[in-house]
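Just so we're on the same page, my numbering is the position in the sequence shown counted from 1, plus 5.
Derived by calculation from the structure, the hints in this document are not laboratory data.
Check before you lean on any hint, since a few could be wrong.
With a straight-line cut-off of 25 Å between C-alpha atoms, the simulated SDA-like cross-links for lysine to any residue are [claimed, not checked]: (1) 47 / 32; (2) 46 / 19; (3) 8 / 45; (4) 46 / 31; (5) 8 / 50; (6) 8 / 59; (7) 47 / 36; (8) 47 / 13; (9) 47 / 62; (10) 8 / 63; (11) 46 / 59; (12) 46 / 72; (13) 46 / 78; (14) 47 / 20; (15) 8 / 22; (16) 8 / 20.
Restraint-style ranges between C-beta atoms, simulated for each label pair [claimed, not checked]: (17) 26 / 52: 25 to 31 Å; (18) 23 / 84: 29 to 35 Å; (19) 80 / 27: 15 to 21 Å; (20) 85 / 51: 50 to 56 Å.
Glycine included, each C-beta is placed from N, C-alpha and C at the ideal position.
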Amino acid sequence: MGKTYGILSIIFGIIGIALYFVALGVILGPISIILGLIGLKKDDSNVVSIIGIIIGIFALVLSIIILVLVITLIFTILNPETYT
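Between the sequences and the hints, there should be enough to build the whole structure, so can you do that?
Below you can see the structure in the form of structure tokens.
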């Protein structure tokens, strides 16, 4: 298998970071982390898997932050008493 899981982990993490504004990182981040962990167990290259895990965590955290901010903004707009 070589570096397959690690490379897939990096790819899913990068896509999750690139699409954080639609909160796709919430889905792709954990997939990236899981693939990175599988890569640590099965593949020969631990460095690629670790990089994939780090990128996946970053994508997940970034998407969660954006998701919380958007939800807060929506509730603030829908409830005008909160900012009067």
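Structure-based check of all given hints:
1. The suggested pairing of residue 47 with residue 32 holds, with an alpha-carbon distance near 23 Å, which does not exceed 25 Å.
2. This hinted pair checks out: residue 46 and residue 19 have alpha carbons roughly 22 Å apart, not beyond 25 Å.
3. Our distance criterion of 25 Å between C-alpha atoms is met by residue 8 and residue 45, whose separation comes to about 10 Å.
4. For the suggested pair residue 46 and residue 31, the alpha carbons sit about 24 Å apart, so the restraint of at most 25 Å is met.
5. The suggested pairing of residue 8 with residue 50 holds, with an alpha-carbon distance near 6 Å, which does not exceed 25 Å.
6. For a cut-off of 25 Å, the pair hint linking residue 8 to residue 59 stands: about 16 Å separates their Cα positions.
7. This hinted pair checks out: residue 47 and residue 36 have alpha carbons roughly 16 Å apart, not beyond 25 Å.
8. A threshold of 25 Å between alpha carbons decides the hint, and for residue 47 with residue 13 the separation of about 13 Å falls inside it, so the pair holds.
9. For a cut-off of 25 Å, the pair hint linking residue 47 to residue 62 stands: about 20 Å separates their Cα positions.
10. Between residue 8 and residue 63 the CA atoms are separated by roughly 21 Å; this keeps the pair inside 25 Å, and the hint holds.
11. Between residue 46 and residue 59 the alpha-carbon distance is near 16 Å, which keeps this suggested pair within the 25 Å criterion.
12. Between residue 46 and residue 72 the CA atoms are separated by roughly 32 Å; this puts the pair beyond 25 Å, and the hint is violated.
13. Distance hint between residue 46 and residue 78 is unfulfilled; the C-alpha atoms sit about 42 Å from each other, more than 25 Å.
14. For a cut-off of 25 Å, the pair hint linking residue 47 to residue 20 stands: about 23 Å separates their Cα positions.
15. Annotation: proposed proximity of residue 8 to residue 22 holds, straight-line Cα distance about 21 Å (limit 25 Å).
16. With a C-alpha separation of about 18 Å, the suggested pairing of residue 8 with residue 20 holds against the 25 Å cut-off.
17. Distance hint check for residue 26 and residue 52: the Cβ-Cβ separation is about 29 Å, which falls inside the suggested range of 25 to 31 Å.
18. A hinted range of 29 to 35 Å for the beta carbons of residue 23 and residue 84 is consistent with their spacing of about 32 Å.
19. Range check, residue 80 to residue 27: about 19 Å between beta-carbon atoms, so the 15 to 21 Å window is met.
20. Between residue 85 and residue 51 the beta carbon distance is about 53 Å. The supplied range of 50 to 56 Å therefore holds.
Checked against the numbered hints listed earlier, the structure breaks hints 12, 13; every other hint is satisfied.
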